[in-house]
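Each chain, letter by letter, is given below.
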Amino acid sequence: MAEFNFWNVDETVSDWIRKELNQWATDMVNGGIDLISDVITSPIDLSEKVPNFEPIMAGTQVIAGMMLVLFLYQRVLGAMYNQTIDAEEVNYAKIIGEIAIAAGLIYSFPILANRFAVIAAELTTWVAGFELEFIAGDELFNLFSLDAAAETGVHLLLLFLLWGVAFIGLAIAGGIRVAMFALGIIISPMVMAAYPVNPGLVKQFCMSMLAVVITQPYQMLCLSLGMGVAAMGGFWGLLGSLAFLCLGIYPVFIKSIFNATGVGSMAGDTLKMYIYKMVRK
Amino acid sequence: MPIITGLQAFLQDLQGWMLILAIPFVAIQAITLGYSLVNSEDPNEERRIKSRFFRVVLGAAIVACAPWLANQILNYFM
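Top to bottom, those sequences are chains A and B. Here my numbering is used: the first residue of the first sequence is 1, the next is one more, and so on. Here my numbering is used: the first residue of the second sequence is 282, the next is one more, and so on.
Hints may be right or wrong, so weigh each one.
Once the Cα atoms are required to be at most 16 angstroms apart in a straight line, the calculated EDC-like pairs of lysine to aspartate or glutamate come out as [what the hints assert, rightly or not]:
id, chain 1, residue 1, chain 2, residue 2
1, B, Lys331, A, Asp86
2, A, Lys203, A, Glu98
3, B, Lys331, A, Glu48
4, A, Lys49, A, Asp38
If you're looking for bench data, these hints aren't it; they were derived computationally from the structure. Since we're looking at a predicted model, the values are computed, not measured.
All chains, full assembly: derive it from the sequences and hints.
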């Protein structure tokens, strides 16, 4: 604690608060910078990031192959039953064809997903090329004019602390995205094995995986815009940058909950309404 | 892994059951289709019944070859 001036307790305490908040925010930003360079700006190589990845992949592919054989028997048995009671026309070629397609999907989906991940990583590098400077934590604070001697309100310092929290939150969101991608690839063979009985599930799964992969350039964009706005300094620099960082966290945490409640479809309907209105005018 | 050996044992049993099932399937279909073939007067209908005979034979052949097919599928992944 600074020298405790008995006749001016107010100033001493607020000095101490300022120093502490400054310190916490600096620590969080410095910690977050390494994490961000690990999970947002670099391409994902799952065999490095996930332990025992290859044996797990091989195991789930074997299980999916066996599930596929079970579905083959189920479909053929159903066709034989329908033929005996003469309920509907049976088509054995369709059954064999769907089984063959599912086997191909099981085998090739991880390779396909990795190709998409590589494309997303190239997009990310392109976005990062727009002059993102990872300035050290100390320079950041000078940009915000948070000199300890200057007249800085505690509210601005609190906002700055929130900014540090958002920065580390963005790094965590990047890590969550990597984990989602890894789990998606690991369970993908079993989803593909269900193709003969439920083709819609495969389509849904592919759309979800694509969304997870596209999140990487999106987070990079939010990060670079956030840092760029922060470099403008002043109050808008801090506030706008915080907004961009929060939007970078948004898809990972909140979207998966909002989609389940139907907010996405509500937004889609609203958009359709506006477009009709504009077109009719 | 216990789940893989368990699934393999189940698949072996299933192959046996399907083969046993194919024989009554062919027999029942032969009887019903033969009966309707004898009773029909229309040549179009006779052609349709004969194509259904072929489909029954095809179905039984798939069931008989399914162990071989399953082996091929599993060899891709193991």
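Hints, one by one, checked against the model:
With a CA separation close to 14 angstroms, the supplied pair Lys331 (chain B) and Asp86 (chain A) stays within the 16 angstroms bound. For the proposed pair Lys203 (chain A) and Glu98 (chain A), the alpha carbon gap of about 15 angstroms is at most 16 angstroms, so the pair holds. A threshold of 16 angstroms between alpha carbons decides the hint, and for Lys331 (chain B) with Glu48 (chain A) the separation of about 60 angstroms lies outside it, so the pair is violated. Of the supplied pair hints, the one linking Lys49 (chain A) and Asp38 (chain A) holds, its CA atoms being roughly 10 angstroms apart against a limit of 16 angstroms.
The structure shown violates just one earlier hint, number 3.
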